[in-house]
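Q: Here are the chains, one letter per residue:
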Amino acid sequence: RKEVEQDPGPFNVPEGATVAFNCTYSNSASQSFFWYRQDCRKEPKLLMSVYSSGNEDGRFTAQLNRASQYISLLIRDSKLSDSATYLCVCGGFKTIFGAGTRLFVKA
Amino acid sequence: EAEVAQSPRYKITEKSQAVAFWCDPISGHATLYWYRQILGQGPELLVQFQDESVVDDSQLPKDRFSAERLKGVDSTLKIQPAELGDSAMYLCASSLGLTANSPLHFGNGTRLTVT
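In the order they appear, the protein sequences are chains C and Z. So for the first sequence, this note's numbering puts the first residue at 1; every next one is plus one. So for the second sequence, this note's numbering puts the first residue at 1001; every next one is plus one.
None of these hints come from the bench; they were simulated from the model. All C-beta atoms, glycine included, are put in the ideal place defined by N, C-alpha and C. Just so you know, not all the hints are guaranteed correct.
Derived BS3-like pairs (lysine-lysine); straight-line CA-CA distance at most 25 angstroms [what the hints assert, rightly or not]:
no., chain 1, residue 1, chain 2, residue 2
1, C, 42, Z, 1071
2, Z, 1011, Z, 1062
3, Z, 1011, Z, 1078
4, C, 94, C, 45
5, Z, 1078, Z, 1062
6, C, 79, C, 2
7, Z, 1078, C, 94
8, Z, 1011, C, 2
9, Z, 1062, C, 45
10, Z, 1011, C, 94
11, C, 42, C, 79
12, C, 106, C, 79
13, C, 106, C, 2
14, C, 79, Z, 1078
15, C, 42, Z, 1011
Restraint ranges, calculated between C-beta atoms of paired labels, are given here [said to hold, decoys possible]:
no., chain 1, residue 1, chain 2, residue 2, range
16, Z, 1055, C, 81, 32 to 38 angstroms
17, C, 107, Z, 1055, 20 to 26 angstroms
18, Z, 1080, C, 56, 45 to 51 angstroms
19, Z, 1014, C, 93, 47 to 53 angstroms
20, C, 31, Z, 1070, 48 to 54 angstroms
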């Protein structure tokens, strides 16, 4: 079993739609959680940290459920520019990346 | 915004040849990481440095890969000899501290093709 698992997608959604991604992690000792965005053939870039209380940044909302060991990312009012791969990241002693979920937003 | 510098951006080499990648982290970032990313997969940690010391190299194929960060600033990753399966994107990242609460900042990466 992978330490960090994500649905690879792809998710194909129209502009303006709301889309949610989940990510599960196996190491209960994981201390910190992030979502990164990666455009095709580019480096990953930090999208947002994920806090226990949940946090929001504009159209993006991240949630953490420690009991069930999963984190989620919700994107509201999807834009064409949101098309990318979204990487779930769990940190403890090691920082482990999921394989990513691909999102395509269509006009 | 400060950036992680990597070079070269692209490298094509023949199998059995040696290849080296360079990374200069964001100034003041004590932790430096080398990741390998195969197309369609997430980044896989190869080696992690805290200053000049190796913190984790458990996934580094030590028979052919080596990494150093001699003065605790910039770093070099070497592959000798290169194999076809080494074709991938090699990403360098840095963070402020050793704890996982510090997010990683990535360089542009080096795309390696082994022929």
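Q: Each of the hints needs a verdict: does it hold here or not?
A: Going through the hints against the structure:
no., hint, in the structure
1, 42(C) / 1071(Z), "violated (28 angstroms)"
2, 1011(Z) / 1062(Z), "holds (21 angstroms)"
3, 1011(Z) / 1078(Z), "holds (13 angstroms)"
4, 94(C) / 45(C), "holds (18 angstroms)"
5, 1078(Z) / 1062(Z), "holds (10 angstroms)"
6, 79(C) / 2(C), "violated (31 angstroms)"
7, 1078(Z) / 94(C), "holds (22 angstroms)"
8, 1011(Z) / 2(C), "violated (30 angstroms)"
9, 1062(Z) / 45(C), "violated (29 angstroms)"
10, 1011(Z) / 94(C), "violated (28 angstroms)"
11, 42(C) / 79(C), "holds (19 angstroms)"
12, 106(C) / 79(C), "holds (8 angstroms)"
13, 106(C) / 2(C), "violated (31 angstroms)"
14, 79(C) / 1078(Z), "violated (40 angstroms)"
15, 42(C) / 1011(Z), "holds (16 angstroms)"
16, 1055(Z) / 81(C): 32 to 38 angstroms, "holds (36 angstroms)"
17, 107(C) / 1055(Z): 20 to 26 angstroms, "violated (46 angstroms)"
18, 1080(Z) / 56(C): 45 to 51 angstroms, "holds (48 angstroms)"
19, 1014(Z) / 93(C): 47 to 53 angstroms, "violated (38 angstroms)"
20, 31(C) / 1070(Z): 48 to 54 angstroms, "violated (30 angstroms)"
Hint check: violations occur at hints 1, 6, 8, 9, 10, 13, 14, 17, 19 and 20; the rest are consistent with the structure.
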